[in-house]
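Chemist: Spelled out from the first residue to the last, the chains are:
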Amino acid sequence: AAGVIQSPRHLIKEKRETATLKCYPISRHDTVYWYQQGPGQDPQFLISFYEKMQSDKGSIPDRFSAQQFSDYHSELNMSSLELGDSALYFCASSLYVTGGAYNEQFFGPGTRLTVL
Amino acid sequence: RKEVEQDPGPFNVPEGATVAFNCTYSNSASQSFFWYRQDCRKEPKLLMSVYSSGNEDGRFTAQLNRASQYISLLIRDSKLSDSATYLCVVNKGGATNKLIFGTGTLLAVQP
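For the protein sequence lines, the chains are A and B, in the order given. The opening position of the first sequence corresponds to residue 30 in the numbering used here, with each subsequent residue numbered one higher. The opening position of the second sequence corresponds to residue -4 in the numbering used here, with each subsequent residue numbered one higher.
Hints may be right or wrong, so weigh each one.
FRET-style restraints, in silico, Cβ to Cβ [stated by the list, open to error]:
#, chain 1, residue 1, chain 2, residue 2, range
1, A, Leu112, B, Pro5, 23 to 31 angstroms
2, B, Glu10, A, Arg92, 41 to 49 angstroms
3, B, Ala103, A, Ala31, 47 to 55 angstroms
4, B, Gly53, A, Arg38, 28 to 36 angstroms
5, A, Ser94, B, Ser63, 36 to 44 angstroms
If you're looking for bench data, these hints aren't it; they were derived computationally from the structure. Idealized CB from N, CA, C, for every residue including glycine.
Given these sequences and hints, build the entire structure.
Modeler: Structural data, given as structure tokens:
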């Protein structure tokens, strides 16, 4: 079965530009998560969506927004890009289980964003 | 203090060795626990979920001690292909399923 798909895989932007990252979850998965991993850092949770509704929000800057569409794919929109936004952005998906126990999340290959 | 703590390593071991990684978490409300492995510049890949009774998958054994808020991963008969960063990951469950990652432990298996 196909895994999580992310596009683009690499993106180079200038400061103050905007970027849109896309994520296509595993078939039948209804929950999508976005994580940011800076150089030498562990992944940090940004935001998640369940059934097209935002389910949780982490350390996501106000310059970033995201949404989940009716086909469950998700887009992360980033505006006024800063040098510090350079990182790997991972999308993960899972199938929601009541109670939240063992909702195993599967990660996409990531988008490497470089801001110059 | 990080919510999930791991020894960053590196652990340099010869092929065939047994190696153990430890992890502690601070939030006693945490509900589920995982080990992921991450190769350089790649995505985290789920290695195994960690159950209260402990679980084994081939050469890998995971243990959970809720009372001590401690998780472990044992790798037997290490292979060169086991070289990676091993991430201890905690999920608080409930209304949120966000994963909290440890900083990872780097394993280098030497020929």
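Chemist: Against this structure, judge whether each hint is valid.
Modeler: Now for the hints, and whether the structure bears them out:
Between Leu112(A) and Pro5(B) the C-beta distance comes to about 29 angstroms, which sits within the given range of 23 to 31 angstroms. Distance hint check: the CB atoms of Glu10(B) and Arg92(A) are about 47 angstroms apart, consistent with the given range 41 to 49 angstroms. The hint said 47 to 55 angstroms for the Cβ distance between Ala103(B) and Ala31(A), and at roughly 32 angstroms that hint is violated. The given range of 28 to 36 angstroms is respected by Gly53(B) and Arg38(A), whose C-beta atoms sit roughly 31 angstroms from each other.
Checking the proposed 36 to 44 angstroms range against Ser94(A) and Ser63(B) shows it holds: the Cβ atoms sit about 41 angstroms from each other.
Of the numbered hints given earlier, the model fails hint 3 alone.
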